[in-house]
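We have chain A already, so just place chain B on it with the hints.
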Amino acid sequence: MSQRRVAITGLGLISPYGGDLPDFFARLLAGESAVRFLRTEDIPRPLTIPFVSCPGFDADAVLGRPLAGTMDRFAQLGTAAAFDAWQDASFERGQIPGRDDWGVAWGTALGGQLAYEKGYRELWQKGRERVSPLSVILGMNNAANAHISIQLGLGGVSMSHTVACASSAIAIGEAFRRVRSGEAPVMLTGGSDAPQAYGVCRAWEALRVMASGDENTSPSACRPFSADRTGLVLAEGAAALVLEDWEHAVARGARIHGEMVGYGTSCDHSHLVRPEAAGQVRALNAALADGGLSPDEIDYVNAHGTATAEGDPVEVAALKAVFGERAGRLAVSATKSMHGHQLGATGAIEAIVTILALREQAIPPTAHLDNLDPACAGVDHVGSARRGQPLRAALSNSFAFGGSNAVLAFRAPA
Amino acid sequence: MDSIGLIREFLQDRLGAEPEKVVSEAPLDSLGVDSLMMLELMFEFEDRFGITLSKDLKSPQTVGEMAALMDRLRSEQS
Chain A
1 MSQRRVAITG LGLISPYGGD LPDFFARLLA GESAVRFLRT EDIPRPLTIP
51 FVSCPGFDAD AVLGRPLAGT MDRFAQLGTA AAFDAWQDAS FERGQIPGRD
101 DWGVAWGTAL GGQLAYEKGY RELWQKGRER VSPLSVILGM NNAANAHISI
151 QLGLGGVSMS HTVACASSAI AIGEAFRRVR SGEAPVMLTG GSDAPQAYGV
201 CRAWEALRVM ASGDENTSPS ACRPFSADRT GLVLAEGAAA LVLEDWEHAV
251 ARGARIHGEM VGYGTSCDHS HLVRPEAAGQ VRALNAALAD GGLSPDEIDY
301 VNAHGTATAE GDPVEVAALK AVFGERAGRL AVSATKSMHG HQLGATGAIE
351 AIVTILALRE QAIPPTAHLD NLDPACAGVD HVGSARRGQP LRAALSNSFA
401 FGGSNAVLAF RAPA
Chain B
1 MDSIGLIREF LQDRLGAEPE KVVSEAPLDS LGVDSLMMLE LMFEFEDRFG
51 ITLSKDLKSP QTVGEMAALM DRLRSEQS
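Those protein sequence lines, which keep their order, are chains A and B.
Here the first sequence is numbered in our numbering, starting from 1 and rising by one per residue.
Here the second sequence is numbered in our numbering, starting from 1 and rising by one per residue.
The shape of chain A in the complex, shown without the other chains (with noise of 0.2 angstroms):
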């Protein structure tokens, strides 16, 4: 089977700023930051820290209180997303003939923590001896793709990936992948995440990776690339994607924002937490290759750019070994500065991010970056909205722990 060209016909996100997708970019463009702090009530000590969540966002009013009542948040903000999503690629929903080898891959690195977690609390804290019936189903890991597919009336794969911090990247490089090679004509993709669960945000504080503030710092808590960064700000949200054979988009006059043509990954093999920059090397290079792009092509990369110690100099060090001499004109930005770190949800909202980048031709910044870490330098920091550079070809790098790279590439759409 002949490799197909794969059209982006639809994009759609749950904003943390509450507005939607047009009002998500300029707020980037802008450098504003969507961290706040967030105090929680839970005892024996409250949850202190920088969060990013989506205020707007009534799960109720969007999906239909029956649907939502069997969904734990994940996987509201998902389908909530998906149907942004497929909207905007001008399909319907519902049970509609034709669409069995259409599918949805979908990332995820924690499912539905808060429904689990709410169980513990009736069992341990409550005294209680069971939990609700619905506790599987709204906790199980592939709760989101199924609600879609079932939503969207999709009867091709359906499938969840758990990849950490690459989840919702290598959800869109696999489907990538089947509408490339023709398997399937359709597919929806992106990924979501609700990390704010008690336990969940108390495991991530023992790491010693997240960012420190209070109410009036926590805006700038998330400082990829500063000498003085402190961490990641963890977020929940939802991004997804259509992926669509390119000729079945243009036979239906479908709007195309933009073309996926790579995707490479790579495992470090080397340790669970630190990244190495020979791994991050071997998923840049794959994806290059696999889209048939040079190097000397890309305009721009959207960055992993956590704001940890040790995984920003090395996501330099892998540009500045992959793009040479190149490397220091090579536009770089982290946008988890403003709109944080949704873990399985992130690698599809910064898709989105290099996919609008290369459409608007406009690149968002790394905001907070007055202090850059001389152990970061090398490449093309982005401290500031840039226009007015033509932008042909873009990365977005997702580097998760376990040691798994995931790598996607995009053309501006021709």
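Take the hints with a grain of salt, since some may be wrong.
[Unchecked claim] Straight-line distance between alpha carbons at most 20 angstroms, and here's what the computed EDC-like set of lysine to aspartate or glutamate pairs gives:
#  : chain 1 : residue 1 : chain 2 : residue 2
1  : A       : K126      : B       : D47
2  : A       : K118      : B       : E44
3  : A       : K118      : B       : D47
4  : B       : K55       : B       : D34
5  : A       : K118      : B       : E46
6  : B       : K58       : B       : E25
7  : B       : K55       : A       : E129
8  : A       : K118      : B       : E40
9  : B       : K58       : B       : D71
10 : A       : K126      : B       : E46
11 : A       : K320      : A       : D296
12 : B       : K21       : B       : E65
13 : A       : K320      : A       : E310
14 : A       : K126      : B       : E44
15 : A       : K320      : A       : D380
16 : A       : K320      : A       : E276
[Claimed, not checked] Only some residues are given here: those of chain B computed to face chain A with a beta carbon under 7 angstroms:
#  : residue
17 : R14
18 : L15
19 : G16
20 : L39
21 : E40
22 : F43
[What the hints assert, rightly or not] Far from chain A, some chain B residues (derived; all Cβ distances over 12 angstroms):
#  : residue
23 : D2
24 : I4
25 : G5
26 : L6
27 : E20
28 : K21
29 : E25
30 : P27
31 : F49
32 : Q61
33 : G64
34 : E65
35 : E76
These are calculated hints, taken from the structure and not from any lab test.
A virtual CB, placed ideally from N, CA and C, is assigned to each residue, including glycine.
What follows is chain B alone, placed relative to chain A:
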């Protein structure tokens, strides 16, 4: 609260069902109660009435059947 009242309250909350449509002869599936929601309803009865439903309990078909069954179990287990 009696059994029909509990069913009405539950279905209004979960499905937005109008209470006047939750009448004795109404089939539960026509109100939108599927197998999962039946589990939720049974859980709610166990919780609110302090009764225990056996695992092999046959699912009632109508609102009235469910109410009668719950009333009987409540009486037997009180």
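Each hint tested on the structure:
1. A:K126 - B:D47: Cα-Cα ~14 angstroms, so holds.
2. A:K118 - B:E44: Between K118 of chain A and E44 of chain B the Cα gap is close to 16 angstroms, so the pair holds against 20 angstroms.
3. A:K118 - B:D47: holds, 16 angstroms
4. B:K55 - B:D34: The given pair, whose Cα atoms are some 17 angstroms apart, holds under the 20 angstroms limit.
5. A:K118 - B:E46: holds, 19 angstroms
6. B:K58 - B:E25: At roughly 18 angstroms apart (the allowed maximum being 20 angstroms), E25 of chain B and K58 of chain B satisfy the hint.
7. B:K55 - A:E129: Measuring from Cα to Cα gives roughly 16 angstroms; hence the hint holds.
8. A:K118 - B:E40: OK: K118 of chain A and E40 of chain B at ~16 angstroms, within 20 angstroms.
9. B:K58 - B:D71: holds, 15 angstroms
10. A:K126 - B:E46: Status holds; Cα separation ~17 angstroms.
11. A:K320 - A:D296: holds, 13 angstroms
12. B:K21 - B:E65: holds, 15 angstroms
13. A:K320 - A:E310: holds, 16 angstroms
14. A:K126 - B:E44: At roughly 17 angstroms apart (the allowed maximum being 20 angstroms), E44 of chain B and K126 of chain A satisfy the hint.
15. A:K320 - A:D380: holds, 11 angstroms
16. A:K320 - A:E276: holds, 13 angstroms
17. R14: Check passed: Cβ of R14 of chain B comes within 5 angstroms of chain A, closer than 7 angstroms.
18. L15: holds, 5 angstroms
19. G16: holds, 6 angstroms
20. L39: holds, 4 angstroms
21. E40: holds, 6 angstroms
22. F43: holds, 5 angstroms
23. D2: Holds, since 23 angstroms exceeds 12 angstroms.
24. I4: holds, 20 angstroms
25. G5: holds, 20 angstroms
26. L6: Per Cβ check, L6 of chain B is outside 12 angstroms of chain A; nearest 16 angstroms; holds.
27. E20: Holds: least Cβ distance 19 angstroms, greater than 12 angstroms.
28. K21: K21 of chain B clear of chain A: closest Cβ-Cβ about 15 angstroms, beyond 12 angstroms.
29. E25: holds, 22 angstroms
30. P27: holds, 17 angstroms
31. F49: holds, 15 angstroms
32. Q61: holds, 20 angstroms
33. G64: Holds: least Cβ distance 23 angstroms, greater than 12 angstroms.
34. E65: holds, 20 angstroms
35. E76: holds, 21 angstroms
The structure agrees with every numbered hint stated previously.
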